[in-house]
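Asker: Sequence:
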Amino acid sequence: MTLIGIPRGTPQIEVMFDVDSNGILNVAAEDKTSKKVEKITITNDKGRPSLKDINKMVEDAEKFKEQDQQQILKVYFTNYCINKKKKKDLQNFI
1 MTLIGIPRGT
11 PQIEVMFDVD
21 SNGILNVAAE
31 DKTSKKVEKI
41 TITNDKGRPS
51 LKDINKMVED
61 AEKFKEQDQQ
71 QILKVYFTNY
81 CINKKKKKDL
91 QNFI
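By the UniProt record's numbering, the letter at position 52 of the sequence shown is numbered 52, and the numbering carries on one by one without gaps.
By construction, these hints were calculated from the structure, which means they are not laboratory data. Since we're looking at a predicted model, the values are computed, not measured. Do not take every clue at face value.
[Unchecked claim] Derived DSS-like pairs (lysine-lysine); straight-line CA-CA distance at most 30 Å: (1) Lys84 to Lys65; (2) Lys74 to Lys63; (3) Lys46 to Lys32; (4) Lys39 to Lys56; (5) Lys46 to Lys35.
[As the list claims (entries may be wrong)] Distance ranges between label pairs, derived from CB positions: (6) Lys86 to Ile42: 32 to 38 Å; (7) Leu51 to Lys86: 34 to 40 Å; (8) Ile13 to Ile54: 38 to 44 Å; (9) Glu30 to Gln71: 30 to 36 Å; (10) Ile42 to Thr78: 37 to 43 Å; (11) Val27 to Met57: 29 to 35 Å; (12) Gln67 to Ile24: 47 to 53 Å.
All C-beta atoms, glycine included, are put in the ideal place defined by N, C-alpha and C.
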């Protein structure tokens, strides 16, 4: 199949794809004959928190770190007591 008005073997287009560590896709296409290059960057920002939101979450995590640790200890101790009571009740049952 040939296209009218275009010499055989042209255009020769090289397409390059690059995905960076942030999931951003960079696409470049170069016409080898004319050396013309076109580039596009495709991002997926939908549904992602902004840098400001991320910084706020980190600040909140640091702010509530001690309270979180206290809550973990309470849960651990409660579970320990419940398990101890279950063992005692089981021994009394047998």
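Asker: Which earlier hints turn out false for this structure, listed by number in ascending order?
Answerer: 3, 4, 5, 6, 7, 9, 10, 12
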